[in-house]
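Modelling step: build the complete structure from the supplied sequences, incorporating the hints.
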Amino acid sequence: MRWKCTVAYDGTQFEGWQSQPSGNTIQDFIENRLRVLFNRRVPIHGSGRTDSGVHARGQVFHFDGDWAHGSEALLKALRTGYPDAIQVYRAEVVDDDFHARFSAVGKRYVYQFLEGHADPFLTRWHWSTGNRRLDVDRMNAGAAYLTGKYDFSAFTANPRDNREDDPVKDLRVLRVESEGPRVRLVAEADGFLFRMVRSLAGCLFDVGTGKLEPEAVAEIRDSRTRTNVVQTAPPEGLFLDEVWY
Numbered sequence: 001m002r003w004k005c006t007v008a009y010d011g012t013q014f015e016g017w018q019s020q021p022s023g024n025t026i027q028d029f030i031e032n033r034l035r036v037l038f039n040r041r042v043p044i045h046g047s048g049r050t051d052s053g054v055h056a057r058g059q060v061f062h063f064d065g066d067w068a069h070g071s072e073a074l075l076k077a078l079r080t081g082y083p084d085a086i087q088v089y090r091a092e093v094v095d096d097d098f099h100a101r102f103s104a105v106g107k108r109y110v111y112q113f114l115e116g117h118a119d120p121f122l123t124r125w126h127w128s129t130g131n132r133r134l135d136v137d138r139m140n141a142g143a144a145y146l147t148g149k150y151d152f153s154a155f156t157a158n159p160r161d162n163r164e165d166d167p168v169k170d171l172r173v174l175r176v177e178s179e180g181p182r183v184r185l186v187a188e189a190d191g192f193l194f195r196m197v198r199s200l201a202g203c204l205f206d207v208g209t210g211k212l213e214p215e216a217v218a219e220i221r222d223s224r225t226r227t228n229v230v231q232t233a234p235p236e237g238l239f240l241d242e243v244w245y
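Per my numbering, residue 1 is the first one in the sequence shown, and the count goes up by one each step.
Source of the hints: derived by calculation from the structure; they are not laboratory data.
In silico DSSO-like pairs for lysine-lysine, Cα to Cα no more than 30 Å straight-line:
#1 K149 to K169
#2 K169 to K4
#3 K76 to K4
#4 K149 to K211
#5 K169 to K211
Quick list of simulated restraints, FRET-style, between CB atoms:
#6 P83 to V105: 29 to 39 Å
#7 R175 to R124: 20 to 30 Å
#8 K211 to N158: 19 to 29 Å
Where a beta carbon is used, it is the ideal one built from N, C-alpha and C, also for glycine.
As structure tokens, then:
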């Protein structure tokens with residue numbers, strides 16, 4: 001039986017999604033729990049990797065395992081044995097050809113800024129801007145140059161000769177919203193390159209603070225070359241929000 005599961009996590013204390021020798025990753029904790037349930041190693045396959053410190057509301061993974069007690073019982077069993085920062089909230093049987101990564105047709109990420117000096121209970125989920133203020137209109141003007149199907153090589157941390165993924169992505173939505181001091185960047189695409197959303201967030205942050213002109217975003221995009229002009233936003237503001245199939 002192939003199982004599709006959805007998990008949410010606060011990534012602050014973890015070393016990302018993908019298994020590491022330290023054992024302190026989301027994948028490691030889930031696989032350890034599955035080992036207990038199935039009395040054997042059960043590898044899981046995620047929709048994608050999130051970096052150390054990055055969060056998720058809708059990360060999807062799949063695994064293969066025969067379970068005779070139904071999906072509700074499996075979900076109940078999967079909801080125990082983790083740190084409080086990990087919560088599996090959906091489990092369902094899917095066709096054997098389903099793959100959490102390769103069957104995905106799109107993803108949505110959200111990046112959260114907070115203008116000013118965030119209190120300690122918010123800093124783990126936002127990029128606190130300190131004394132800098134963000135001009136949302138300028139940020140949306142810059143985002144307009146990135147919405148569409150482009151080569152996003154200038155916005156990935158992977159060099160061109162060390163990349164598995166096609167750098168051309170269809171960025172269907174890239175918008176900036178604000179409510180009081182909270183500013184959200186929403187990005188939806190058919191796929192994302194390594195650290196692409198954090199790079200988009202860092203670039204638009206510089207547009208919002210006046211360091212870059214909105215028109216400069218088009219020049220960076222067309223260069224297809226990563227330089228230090230594009231900063232990588234810190235991980236704590238980033239959430240994998242939803243994966244579509």
